[in-house]
Amino acid sequence: MAIAKVCGIETEYAILVRGAESNPVAASSVLINAYVSGVLRKVGWDFEDEQPGNDARGFRYEEVFAPEVETQLVNAVLTNGARYYVDHAHPEISTPECRTALEVVQWDRAAEEIVRVSMESAWRLLNDGSEIVAYKNNSDGKGNSYGCHENYLVDRATPFGRIVGQITPHFVTRQVFCGAGKVGSEFPGSAAQTVPFQISQRADFFEEEVGLETTLKRPIVNTRDEPHCDPQKYRRLHVIVGDANMSEVATFLKVGTTAIVLAMIEDDALGNDLALANPVSAIRQVSHDPQLKRTVLLREGKRITALELQWALLERAKKYEHSHGLESVGEAVGADVLARWETILSGLENDRNTVASWVDWVAKERLINAYAERHDLRPADPKLKALDLQYADLRSERCLARRVGLETLVSDEDVRIAMTQPPTTTRAYFRGRCLQKWPDDIVAANWDSMVFDIGRDPLRRVPMMEPLKGTADHVAELLDTCETASELLSRLGS
Amino acid sequence: MAERTQKQKPTPSRTDEVVTEATPAAPQGEKLKAELDDLLDEIDEVLETNAEDFVKSYVQKGGE
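These protein sequence lines are chains A and B, in that order.
To convert, note that position 215 of the first sequence is 215 in the working numbering; the numbers rise steadily by one, no gaps.
To convert, note that position 53 of the second sequence is 53 in the working numbering; the numbers rise steadily by one, no gaps.
Just so you know, these hints were derived from the structure itself, not from any lab.
Idealized CB from N, CA, C, for every residue including glycine.
Some hints could be false.
Stretch by stretch, here's where chain B covers chain A in the computed footprint (C-beta under 8 Å, at least three residues) [as the list claims (entries may be wrong)]: (1) 2 to 9; (2) 12 to 20; (3) 145 to 159; (4) 168 to 177; (5) 353 to 365; (6) 455 to 467.
Incomplete in silico selection of chain A near chain B, CB under 8 Å [to be verified]: (7) Pro24; (8) Lys142; (9) Thr214; (10) Thr215; (11) Pro379; (12) Lys385; (13) Leu389; (14) Gln390; (15) Lys437; (16) Pro439; (17) Asp441; (18) Val443.
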């Protein structure tokens with residue numbers, strides 16, 4: 001049976017400095033430091049076990065990443081189990097490991113709030129009228145893209161070739177409900193006149209079907225093999241093809257449907273007949289067709305629309321629910337994913353206005369079209385691109401996504417809790433609780449271990465190689481009853 | 001498999017069966033249209049004052 005689909009999202013936020021000269025690396029550092037210095041003692045990230053050059057196809061790229069390790073930049077672990085750091089020239093937050101798509105929504109929203117609080121703290125800290133503003137999108141409209149990556153735990157025993165072949169049709173077509181929408185095109189040769197609006201922020205940037213890169217020649221399936229857990233048992237599928245969503249339902253379905261499709265692949269319940277003949281051109285073609293009418297060619301010779309391909313995946317997922325159950329993605333959450341998946345495909349097919357409160361690109365397109373009509377603007381008018389960018393402005397008073405009536409799945413109170421508390425359902429619970437309780441005794445932390453300094457040599461590393469060990473069920477009582485980190489370590493037997 | 005999928009194209013009645021109480025249906029189009037009109041009435045107050053400069057200055061480094 002498919003293993004638990006432990007999952008998470010890492011988002012690189014765009015950053016602008018208004019009212020002062022600044023470079024984005026420095027601004028990102030200021031932003032994060034303003035938050036970290038305000039709310040907690042900083043615990044650094046531990047790079048001991050990071051191996052981003054490992055390739056899932058079984059070889060290593062020594063030269064790909066070596067010169068660029070950003071250990072000098074700000075890099076903090078938060079008490080909710082998340083990592084908040086500067087990546088290249090962007091502030092980035094990785095959510096803690098979550099057990100379900102609904103938890104991912106909760107901690108992704110918490111990440112947004114953390115960035116929002118960071119902006120306010122930085123404004124007070126700078127105290128010169130200048131302002132650092134973050135945006136939750138994936139492209140500047142000038143050919144520069146930055147990512148919103150998902151991660152899913154998969155069984156090492158599943159052949160990687162099967163994952164690549166069978167997940168690709170979903171990655172090419174899921175954008176019909178989780179695309180964030182974009183004014184214009186950044187694909188060389190397509191002018192704004194021919195693509196005034198497209199479904200996805202990211203589709204213009206994909207050039208390969210499969211590969212290790214993330215910053216150039218981006219592949220639809222990324223092969224980074226860095227499981228951050230027991231490598232004999234698990235893979236972490238690192239997904240770079242998605243858009244950052246403002247809509248909670250879009251995030252929920254992006255992660256929820258992908259987790260179900262991956263479970264089906266693990267159980268060999270999906271099949272190869274939906275494989276696309278040309279995935280790279282198809283992902284762009286789907287994105288450039290908001291009417292959802294054009295067809296893509298399957299390898300076996302048939303042509304179908306992106307919606308038809310999604311209907312085929314949904315039908316198989318419903319059969320899979322009957323035959324295998326959805327325990328691997330959480331039964332209740334999985335059932336909700338299937339119900340909403342069906343509603344959203346029906347809505348897109350019959351009257352997309354009915355799903356404008358769920359689908360970012362539809363909400364954005366409606367806003368832009370209505371604004372253009374009222375003010376009689378041509379498609380290339382910069383006012384429309386400004387609306388596109390401002391949709392993702394994280395300042396509450398400026399954010400257009402907050403004004404278009406998007407449905408929420410998580411209450412404000414639960415978002416507030418998730419800013420400081422970890423999920424109870426994964427090893428993030430152990431990480432977060434330890435950081436809350438003994439911040440002065442922890443010298444470093446990363447996904448699969450924590451390093452304690454309890455005043456005696458040597459430093460003590462606690463390995464956390466199982467993503468589902470260290471949950472509240474396992475260790476809440478232990479953590480509650482330990483007075484000191486030293487007591488914790490001796491009771492853990494390390 | 002794909003042949004069968006074609007035959008199972010959705011009908012409105014099938015959608016109705018699946019939308020359970022636990023899954024709220026998306027709001028109706030007319031209500032959203034009215035909300036969109038209201039939004040357009042007030043939106044100029046929050047929009048960037050100089051759209052052209054804003055768009056021009058919005059430059060990011062590639063990431064990931």
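Here's how the hints hold up against the structure:
| no. | hint | in the structure |
| --- | --- | --- |
| 1 | 2 to 9 | violated (count 0) |
| 2 | 12 to 20 | holds (count 4) |
| 3 | 145 to 159 | holds (count 4) |
| 4 | 168 to 177 | violated (count 0) |
| 5 | 353 to 365 | holds (count 6) |
| 6 | 455 to 467 | violated (count 0) |
| 7 | Pro24 | holds, 6 Å |
| 8 | Lys142 | holds, 6 Å |
| 9 | Thr214 | holds, 4 Å |
| 10 | Thr215 | holds, 5 Å |
| 11 | Pro379 | violated, 14 Å |
| 12 | Lys385 | holds, 5 Å |
| 13 | Leu389 | holds, 6 Å |
| 14 | Gln390 | holds, 6 Å |
| 15 | Lys437 | violated, 34 Å |
| 16 | Pro439 | violated, 29 Å |
| 17 | Asp441 | violated, 34 Å |
| 18 | Val443 | violated, 29 Å |
Going through the hint list in order, the structure does not satisfy hints 1, 4, 6, 11, 15, 16, 17, 18.
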